[in-house]
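Protein chains: 2
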Amino acid sequence: MSENPLHLLMNPKSVAVAGASNTPTKMGSIQSLSLLKDGYQGKVYFLHPKDKSIFGIPTYPSPKDLPDVPDLAFLIVPINVALNLLEEFGKIGTKRAIVVTAGFKETGEEGAHLENKLNEVAARYGIRFVGPNCLGVINSQICLNTTVYPFPPSDGLLGLASQSGTYVTQILPLSRKRGIKFSKAISLGNEANIDIADALEYLGDDEQTKAVILYIEGIRNGKKFLEIARKVSRRKPVLAQYVGGTVSGARAGMSHTGAMAGPDFLYDGMFKQAGIIRVGSIEELYDHGWTLATQPVPRGNRVGVMTNSGGPSSSISHTCDLAGLSVPRYSKKLQEQIRPYLQPHAASSNPVDLTFDTSMKHLAITIPEIIIKSGEVDALISHGIMHSGFLKEIYSHAVDFLGNITFEEFLSMTEPVLTDVFTLARNHKVPHLISTFFGQEDSYTKGFQEHNVPVFHSPEKAARAMGALYHYKLIRQRKAGKKATLPKINPGAIKILQQAGKNGQKALDEHAAKKLLAAYGVPVTKEILTESLKEALAAANKLGYPVALKACHWEIMHKSGKGLIALNIENAKTLKKAFLDIRQAAGFFTPVLVQQMLSGGRELLAGMTRFAGFGPGVVFGLGGVFTEALRDTTLRLAPLTDADAQEMLNDIHAKALLDKFRGMPAVDKEKMIRILQTVGNISLLHPEIAEIDLNPIIIQKARPVVADALVVLKD
Amino acid sequence: MSENPLHLLMNPKSVAVAGASNTPTKMGSIQSLSLLKDGYQGKVYFLHPKDKSIFGIPTYPSPKDLPDVPDLAFLIVPINVALNLLEEFGKIGTKRAIVVTAGFKETGEEGAHLENKLNEVAARYGIRFVGPNCLGVINSQICLNTTVYPFPPSDGLLGLASQSGTYVTQILPLSRKRGIKFSKAISLGNEANIDIADALEYLGDDEQTKAVILYIEGIRNGKKFLEIARKVSRRKPVLAQYVGGTVSGARAGMSHTGAMAGPDFLYDGMFKQAGIIRVGSIEELYDHGWTLATQPVPRGNRVGVMTNSGGPSSSISHTCDLAGLSVPRYSKKLQEQIRPYLQPHAASSNPVDLTFDTSMKHLAITIPEIIIKSGEVDALISHGIMHSGFLKEIYSHAVDFLGNITFEEFLSMTEPVLTDVFTLARNHKVPHLISTFFGQEDSYTKGFQEHNVPVFHSPEKAARAMGALYHYKLIRQRKAGKKATLPKINPGAIKILQQAGKNGQKALDEHAAKKLLAAYGVPVTKEILTESLKEALAAANKLGYPVALKACHWEIMHKSGKGLIALNIENAKTLKKAFLDIRQAAGFFTPVLVQQMLSGGRELLAGMTRFAGFGPGVVFGLGGVFTEALRDTTLRLAPLTDADAQEMLNDIHAKALLDKFRGMPAVDKEKMIRILQTVGNISLLHPEIAEIDLNPIIIQKARPVVADALVVLKD
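As given, the protein sequences belong to chains A and B, one line each in that order.
Mapping to the working numbering: the first sequence position 180 is 194, numbers consecutive.
Mapping to the working numbering: the second sequence position 349 is 363, numbers consecutive.
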């Protein structure tokens with residue numbers, strides 16, 4: 015694989031800036047100041063057509079006048095200038111660029127045309143660039159900062175790639191307050207050249223980056239992204255916020271699968287498949303990302319909760335429960351060890367609640383140490399460790415009664431900050447998260463932040479972040495999964511599709527669809543296509559009653575509620591009537607499918623729909639009458655590994671249905687997995703298929719059998 | 015109704031404190047300082063057994079020595095002292111108390127005994143008190159603050175009642191930073207005397223309080239709470255966080271309904287019935303509460319989004335969509351009005367995204383004013399309005415190039431803060447929420463907070479808070495609903511239950527259960543109880559095939575999967591075999607129910623289980639095979655109004671099943687509502703019934719018919 019283009023772009027020995035001026039409130043100037051003032055040790059050159067110096071630094075009129083070839087061109091110029099300049103940098107041999115300039119594809123057709131030109135120029139000279147319409151990058155390792163906000167030197171651990179510049183820049187002061195530090199951050203802009211998959215790969219390889227967070231509005235090359243993300247997520251945590259599509263996201267499609275699978279559904283499934291943890295807000299992206307970047311992966315889901323108050327105790331426990339964590343009751347032995355340090359009315363069972371106490375010794379050191387050493391928990395959440403923040407509050411009231419001493423004098427009269435607490439959990443390789451209502455005005459908040467222990471301003475947030483940490487543990491222990499070898503393309507299947515193509519069909523009829531599926535080993539109902547009542551009666555005799563009758567023609571894609579189907583036909587008399595009724599509804603020459611009548615309390619669905627850039631998405635879920643009413647479905651992209659398909663079965667709300675259930679045996683999961691993989695494979699082998707619905711798949715005793723099938727063809 | 019006991023407790027003309035000392039880091043001292051220093055104008059007396067003065071104020075040895083009768087006794091003394099003191103205050107005629115003292119019921123049996131004694135003393139003297147084990151109260155109107163944290167005078171609008179003291183105290187510095195101000199706050203402690211329902215009633219009546227927030231770990235008198243909450247929520251918003259039970263909350267119970275209905279499910283349903291908005295974290299409780307306390311209720315769900323960045327635009331839109339809000343595309347006319355104020359590449363359709371611009375005029379004033387006046391939105395969310403916070407960031411980089419001017423000088427060179435923005439939306443009676451990454455260091459954040467415009471540190475939070483505001487609009491426009499008049503108790507029903515009682519049954523058999531239901535008008539399957547094959551054959555002939563056969567005995571509560579039931583019996587031959595099989599499985603003398611075989615694609619459930627303090631909870635949801643697999647159910651407390659029952663139908667995920675669906679007609683909702691109301695009424699009329707399961711209720715065409723019923727009796 016060729017080297018990732020961001021290696022050089024993020025580590026330039028020299029940068030040439032076009033677009034700075036001496037007005038310090040202009041965007042280009044502010045960005046240049048970041049480059050000059052935050053500690054970057056490389057050379058910075060300014061280009062300017064007129065001004066001889068910028069911020070006291072001599073300028074050059076054009077790239078060809080530069081004293082050497084800069085590794086990176088940084089363009090914050092008007093759109094017409096940007097194209098020329100990129101060409102000029104290309105000519106002198108610069109290979110990387112950041113194009114901040116806006117007005118390209120995001121503005122419409124004309125802009126898109128200009129963006130193509132940008133790419134043409136870049137291709138001509140072998141330039142790889144970030145942008146356009148971006149804010150640039152931060153590399154804390156070399157103090158490189160091209161954004162409009164200061165980024166003081168820091169030993170960051172969190173890598174960000176963002177399709178919004180704001181989340182690389184405007185948010186910096188807030189993340190400083192929160193003690194969250196980037197290793198690297200990349201504002202991707204329009205992704206004309208370097209895209210989010212490149213950024214993920216780069217951050218995945220970067221030693222300094224311990225967790226990757228992604229802000230995503232849309233991914234163009236979904237296949238590439240998935241492939242890279244699957245690899246990265248095995249090495250380090252990857253988290254993403256996706257806000258591209260509305261959740262209801264109506265989508266065109268002739269199959270139920272197509273109509274249900276909007277973009278939000280696609281990304282949700284793809285993230286799961288990739289091992290990416292999805293979050294619901296930018297705050298969670300930072301919070302959970304920072305937790306995963308700084309804390310060890312817990313051995314299990316048992317959380318010890320330490321507080322000085324019942325409210326946070328309960329909130330943390332409740333939220334842990336929601337997040338798949340447990341707050342186990344401590345053993346009698348452990349409780350006896352803790353008891354001596356508690357007031358008589360304090361709780362010792364987990365959460366441990368010390369109630370009001372101005373000393374932090376037992377809350378922050380003595381008891382947590384005992385708990386960690388007991389081995390009864392895998393992680394620790396503390397609420398209520400505080401010092402100067404709280405004392406300042408008291409001081410403001412007590413100052414006159416204290417003889418008007420200064421706050422510092424007051425502080426010196428109280429218990430000092432117990433610095434051991436900052437490393438206590440880490441020394442035992444146990445993750446530790448802090449909840450407190452105090453910010454950096456409190457010395458404990460500050461100390462925890464300086465030691466990379468995440469601090470949250472609400473008990474629930476700490477618990478949710480711990481949930482994300484445990485979630486990553488589960489991702490890490492996932493089976494790698496085997497890709498099913500793509501079977502040989504089936505000649506019978508080709509024939510069926512060719513014939514339908516010749517007929518100008520938009521879909522296969524049910525019988526043909528099932529023949530195609532059966533050709534690849536998908537279990538389908540026994541059935542006989544008939545052209546007359548006589549044939550139908552013979553077919554029913556052959557299959558054995560009860561049978562189902564269905565009108566069978568490719569134009570009939572959805573049969574229910576239209577008199578085109580008759581179920582549970584027990585005898586010849588009923589069959590006759592049903593046959594005539596169906597003919598009445600469907601037209602006299604419509605063939606009628608006589609089908610073995612399956613019964614079983616459980617009806618599932620498998621399907622496929624395609625997404626530009628992502629390929630076929632395979633869908634699994636509840637079928638039959640509940641399909642649209644419950645939309646209890648999940649998606650993965652083809653080809654599916656066995657592990658992917660297995661996870662799909664566990665990913666629906668109604669998963670209990672697949673196990674031994676109300677006297678019914680467990681569904682044969684191996685068979686169901688094979689159906690899902692096969693739907694994926696068929697989609698890869700036959701690109702002329704647009705959508706597939708297998709619905710219902712009836713579970714006959716344990717065995718899934720496709721009772722109805724729709725195969726929609728591409729136009 | 016008698017006057018709420020909190021009226022006097024929250025507005026004392028004088029307070030006597032027992033438990034303060036001259037050590038300013040002791041809890042009682044810190045609380046007394048709050049009473050002395052935060053502006054309370056009433057008299058404060060200190061009791062002390064030894065010290066002659068506290069904080070320079072002369073003390074009294076005991077209540078009888080006080081110069082007048084204090085309205086409020088404030089006790090922070092050891093547990094043995096608390097009882098005596100309350101008695102002494104009783105003797106001098108004090109009628110209200112706050113008991114901070116801990117060590118009562120929360121510690122176990124002995125403490126509970128002491129708590130009862132506390133109540134006995136109070137009852138003897140007509141004292142009403144808050145606590146024990148609480149932190150007291152805040153009344154901003156009279157600057158009364160008994161907590162351990164300072165509470166500077168403020169014109170608060172938000173009323174809090176909390177079962178955790180922390181959320182009245184420790185959180186105060188954080189809420190100050192956030193600009194959130196209490197009107198009144200009450201730390202309830204153990205609720206030995208005054209409980210959360212009293213507090214809700216008080217805050218509901220309080221003119222100064224514009225929204226009420228509740229932190230709840232458990233409610234003892236659920237009926238009283240519901241009755242009060244229903245009334246209050248029609249006048250002002252009520253929000254609650256409940257963290258009492260684990261969500262999975264396994265619960266004993268012989269019926270499915272009983273086993274599924276844990277405490278979290280109970281509170282969730284009760285909150286909906288009460289018109290209370292439930293939140294998931296303490297932060298949301300404050301954030302959403304403050305939003306509802308300060309912002310007008312929007313006319314509809316259309317949100318206008320104003321930003322200077324694409325990321326927050328997308329995040330806000332996406333989250334609005336999740337929260338049931340819409341971000342409608344602006345009309346061509348409106349977009350044309352906005353266009354002149356935008357850069358060419360900026361979006362005008364909604365969200366309006368101005369992109370980078372250091373002037374706030376268009377973002378904060380010009381464009382929002384045009385949008386509000388257009389009438390095309392009902393609410394406004396702005397992101398990116400900033401001034402000194404941002405300029406401080408730039409200044410730190412630019413200061414040398416600016417000739418080392420001070421920050422204040424630099425500020426004076428830039429656009430001044432546009433103060434009109436703080437009242438713009440309010441002047442048009444449109445709710446307005448702010449997202450920004452800057453805290454009070456930014457003059458816009460500060461200004462918005464001072465003008466009671468809520469400010470959030472993440473775009474998603476602003477959108478979610480707007481969702482809560484719209485949610486309250488929906489609550490306000492709910493129909494009041496009519497309570498069904500409780501029918502006369504049915505003599506036949508009494509006889510059935512009496513007979514079962516005499517037999518020592520733990521449940522009714524299915525047939526008896528249905529007779530009881532039918533006596534109150536619930537539609538049930540046609541069926542005949544038989545004792546022999548001959549009777550069964552005759553019954554089937556009478557009912558007409560197909561029929562179902564079921565073993566029928568009160569000890570058989572759940573039939574599926576045990577060979578006790580046979581469905582779809584088409585003829586006498588099949589019936590014979592089924593009858594013998596069932597007898598084989600159930601025992602030779604077990605009666606067999608011959609039942610009309612219902613068919614219909616939709617199976618629902620109604621049920622009832624009782625909760626201590628709350629009475630009967632009526633449950634509705636998906637029935638049949640999906641009952642436990644999907645747990646798509648909802649609960650309301652009996653008696654149900656027609657509006658309650660109607661809302662239950664809308665409250666399940668699968669609600670689309672109840673409408674016209676896949677060729678099936680819409681469910682007869684009136685009939686379903688009547689079934690739910692009747693289940694509630696039966697439970698109220700017959701307290702000897704412990705649990706009810708009607709499952710499945712099969713929808714026959716449109717009509718719901720109970721196909722199986724279980725009535726569990728109390729021990």
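Take these hints with a grain of salt, some might be off.
Since the list gives no way to pick one copy over another, a pair counts as held whenever it fits inside one copy or between any two copies.
SDA-like cross-link-like pairs, simulated, lysine to any residue; straight-line CA separation at most 25 Å [as the list claims (entries may be wrong)]:
#	residue 1	residue 2
1	K715	P354
2	K540	D682
3	K556	E455
4	K64	G615
5	K520	A337
6	K40	F421
7	K191	F421
Note that these hints are calculated values from the structure, not bench results.
Everything numeric in this text was worked out from a predicted model, so none of it was measured.
Handout entry: Contradicted hints - numbers only
Key = 1, 3, 4 and 5
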